[in-house]
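K.L.:
Everything in the sequence shown is counted per full-length UniProt numbering, starting at 1 for the first residue and increasing by one.
Hints were generated in silico from the structure; no laboratory data involved.
Honestly, I wouldn't trust all of these hints.
Said to hold, decoys possible - In silico DSBU-like links for lysine-lysine, alpha-carbon gap of 30 Å or less:
no.	residue 1	residue 2
1	Lys-754	Lys-847
2	Lys-49	Lys-124
3	Lys-146	Lys-401
4	Lys-370	Lys-560
5	Lys-560	Lys-590
6	Lys-614	Lys-176
7	Lys-158	Lys-146
8	Lys-146	Lys-593
9	Lys-181	Lys-49
10	Lys-626	Lys-705
11	Lys-159	Lys-756
12	Lys-150	Lys-847
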Amino acid sequence: MIELDTTNELFLAAHGCLPTEHEAWEKQIALEEEMRSAGIARFEKGLEKNREKNAEASNLSSRRMIIHAHAQVIAGLEAFLAEASSGKAGKKHTAVAYLKDADLDVVAHLTLRNLFDYVSMRMKLTPLSIRLAAMVEDELFFNAFKGHDKDAYEYARKKISEQTHNAVHQKRAMTKHAKHKGAEWQDWSQDVKAKVGLKLIEIAVEQTGLFEIVRQSEGAHNTNIYVVATKETLDWLATENSRLAPLSPVYLPTLVPPRPWTSPFRGGYWSGRVRNLRLIKTGNRQYLMDLESVDMPKVYHSINAMQNTAWSINHRVYEVMASLWDNQSTLACIPQADDMPLPEKPMWLAPEMKREDMSPEQLEEFSRWKSERTTIYEANARAVSKRLAFSRMLGVATRFKDEEEFYFPHQMDFRGRVYAVPLFLNPQGDDASHGLLQFANSVPITNEEGADWLAIHGAGLWGVDKCSMNERVEWVMANQREILASAENPYDNRFWLTAEKPWQALAFCFEWQGYVAEGFAFHSHLPVQMDGTCNGLQNFSAMLLDEIGGAAVNLVPSDKPNDIYATVASVLIAKLRDIAAACPEDTTTKEVKDKETKENKTIVVESDGSMARKWLAYGITRKVTKRPVMTLAYGASEFGFREQVFTDTVTPWKQAAGEAFPFEGTGFAAASFLGLLIWDCVGEVVVAAAGAMDWLQKVAKIAAKESLPVIWNTPAGLKVMQEYTTSEQKRLELTFQKVRLQLSIDVASKKIDKRKQGSGISPNWVHSMDAAHMQLTVSRCHDEGIRSFSLIHDSYGTHAGNAWAMAQFLREEFVKMYGDHDVLAEFGREITAMLPEGTQLPPLPEKGSLDLSQVLESAFFFA
């Protein structure tokens with residue numbers, strides 16, 4: 001039974017009945033049991049999969065035992081090597097010579113992982129010993145390669161991990177790179193491997209007691225030696241797996257409105273058959289307990305309003321999607337059913353042929369074939385993931401398509417940002433998820449304003465959002481014939497597929513068809529979204545009254561939306577032209593340190609002018625500057641800008657251009673050049689934001705120096721705590737599988753991580769502000785009678801008939817939030833109160849002269 005508390009009072013007020021009286025109550029309890037069972041089945045399937053792959057060390061239960069036993073194996077290894085170097089008489093064990101210079105943390109981890117990979121079965125001692133020693137040898141060899149030429153090692157490791165995820169292929173490729181670069185290594189013989197591996201296993205067995213070595217007679221004259229886990233080990237693992245299995249249910253939507261949040265510890269699901277959610281996703285229980293005494297009615301009000309939104313499946317979109325999927329359509333909106341074929345290898349390529357045996361023409365053809373093969377292989381791997389995600393999403397839609405309404409429980413991160421809990425299909429998912437979901441309840445379109453909002457939403461799905469609102473409506477009217485044709489027969493009339501978001505576009509086509517047919521009598525179910533403009537910078541510009549940045553991100557009225565990405569691109573183009581004109585030479589000289597002699601030498605490098613000319617020839621657009629600008633407010637650095645340019649622009653350019661790619665090598669130097677320029681350009685466009693970010697980082701570091709977390713209250717009333725702690729851990733760098741594995745040996749300490757506190761404060765702070773704005777807006781909308789919400793952080797949605805009201809309320813709440821709260825000053829006072837008396841914070845950033853009330857008249861603030 002559900003206890004009679006404020007939960008029931010809230011439910012009764014919202015829905016007119018107690019939860020147990022809801023018509024879908026029994027179905028909901030059965031559904032939660034289904035979620036629990038599905039989670040257990042998924043967990044057990046994972047155990048079986050790891051068992052089949054001989055990878056049981058990956059199980060969470062095994063990992064916990066490995067961490068616990070790690071120090072014991074280290075102690076055994078140290079004792080073994082100490083005794084060997086003590087000078088006592090007697091022959092030293094073979095393993096001593098091979099392990100004396102090894103990183104014992106790495107050796108201990110490999111030993112335990114090797115044993116736990118086969119923990120549920122028995123393994124013959126000698127093969128297991130050889131396998132373990134081979135893994136240790138690989139690490140020692142690759143470490144020697146790293147010491148010989150660190151740059152070559154890092155380059156090879158990164159390149160190989162990008163080309164293949166197969167551990168055998170990675171080892172082979174890394175070995176080839178190492179030997180090609182002259183790294184010397186004497187391969188271990190099988191006899192040496194057997195002796196080294198055996199010694200390591202013996203130490204682990206003796207030190208931990210988790211495994212034992214047993215002899216078993218098999219036939220009259222044959223005795224085999226096995227390594228097996230002890231009964232106590234297997235019993236503990238079984239108990240731990242039984243405890244863990246129910247903790248990861250497959251969360252699904254609910255058939256009854258979710259349990260209202262009334263405390264940090266209870267909300268979302270009802271029966272207790274699934275693991276209780278927490279209001280905030282955090283492992284800090286003390287923080288949650290502290291929140292119980294915090295009065296934050298708008299936080300609870302808003303999250304309950306969000307999760308009380310009733311949803312249903314858009315049947316018309318579902319039918320098209322399911323039909324195309326079932327028939328393995330080749331349309332771009334459906335993940336392709338079949339992998340792309342790999343290119344056939346050159347006919348002349350013999351199995352044992354080496355690069356040095358190839359002619360220049362053959363080497364070029366071979367390299368091109370390898371590159372094409374790798375590209376297609378990686379694309380196929382991504383396609384598998386897309387197919388699986390799409391299939392799961394469609395499966396959930398099938399499961400709920402006949403339900404009149406269902407709901408999505410929500411919870412928050414520590415900044416206050418709200419997330420739907422169920423996976424695979426939810427209102428914060430991809431284009432296909434959005435296309436499948438509609439509000440279960442309808443709101444009529446009763447006037448031109450509501451119809452215009454529906455049209456504006458539709459135009460945006462085709463990317464028509466850089467023009468005035470009237471032009472967006474006109475675009476829909478100009479394309480109405482194609483829109484209605486898509487709704488009439490989406491299989492043959494494919495205008496909807498030309499949209500940037502085709503599934504949402506199809507849903508719009510169906511909705512527009514209904515509106516055209518019924519006019520102002522039409523009841524609309526479609527969520528109509530309105531998005532902020534680079535919302536992090538909107539918040540920074542508002543809190544500092546920055547008139548320049550505010551204009552760039554549409555805090556002031558204009559005839560057409562200002563595009564900050566295009567603005568930065570224009571500034572960037574001007575800078576590139578200046579550099580190109582000032583430096584007509586294509587090369588210049590540079591002083592560098594010789595790796596071998598360690599002395600300075602002069603080399604010839606490409607000039608900035610040459611790079612500028614090549615970038616201008618490429619064509620700088622808003623696409624080049626978008627991600628760097630977008631991520632500035634969330635903590636991106638100069639180096640981050642360079643990485644983004646390299647990943648988003650240079651790498652695709654190099655792949656498409658092939659030999660015509662104008663820059664040397666990978667092009668990272670060109671990315672660094674442009675990334676730093678973009679950083680300077682952004683600083684010119686949004687000066688105030690950069691100043692606020694710098695101030696926040698300084699304040700966070702002052703608190704961290706005193707070993708204090710950073711705590712602040714948002715305008716919505718949420719107490720936020722940023723507390724990144726260091727860990728008393730050993731970081732193990734293994735060149736194993738696709739990435740270097742870093743294993744935390746001990747649990748986290750409570751030492752404040754000064755670096756993370758500084759780097760994390762800017763994104764976390766501004767996220768807490770945009771979350772507060774959303775919470776205040778949702779509370780206001782709910783108070784004004786709006787009951788359906790489609791929300792994704794900086795994207796607000798509701799019915800077309802209520803969109804005008806939401807648009808007005810979100811502007812009013814934004815202006816009120818920053819009008820009533822000097823948020824940086826309040827933050828400074830809260831931090832000062834935590835610090836030792838007399839501690840001074842840096843001066844607050846200066847404010848500008850922006851009239852924030854202009855937001856009320858800015859059509860493109862959220863549009």
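K.L.:
Would you mind marking each hint as holding or not holding in the structure?
P.N.:
Now the hints, each set against the structure:
Pair hint Lys-754 plus Lys-847 holds up; C-alpha atoms about 28 Å apart against a cutoff of 30 Å. Straight-line distance between C-alpha atoms of Lys-49 and Lys-124 comes to about 22 Å, which keeps the hinted pair within the 30 Å bound. The straight-line distance between the Cα atoms of Lys-146 and Lys-401 is roughly 56 Å, outside the 30 Å bound, and the hint therefore fails. For the hint linking Lys-370 to Lys-560, the alpha-carbon distance of about 49 Å lies beyond 30 Å, and the restraint is violated.
Between Lys-560 and Lys-590, the direct Cα distance comes to roughly 47 Å. Violation of the 30 Å bound is thereby established for this hinted pair. Among the hinted pairs, Lys-614 with Lys-176 is inconsistent with the structure: their alpha-carbon atoms are about 35 Å apart, more than 30 Å. Only pairs whose Cα atoms come within 30 Å are accepted, and Lys-158 paired with Lys-146 is accepted, the gap being roughly 13 Å. Of the pairs offered as hints, the one joining Lys-146 and Lys-593 holds, with about 19 Å between alpha carbons and a cut-off of 30 Å not exceeded.
Between Lys-181 and Lys-49 the CA atoms are separated by roughly 38 Å; this puts the pair beyond 30 Å, and the hint is violated. About 35 Å separates the Cα atoms of Lys-626 and Lys-705, which puts this hinted pair outside 30 Å; it is violated. At roughly 28 Å between alpha-carbon atoms, Lys-159 and Lys-756 fall within 30 Å of each other, so this suggested pair holds. Straight-line distance between C-alpha atoms of Lys-150 and Lys-847 comes to about 48 Å, which puts the hinted pair past the 30 Å bound.
Going through the hint list in order, the structure does not satisfy hints 3, 4, 5, 6, 9, 10 and 12.
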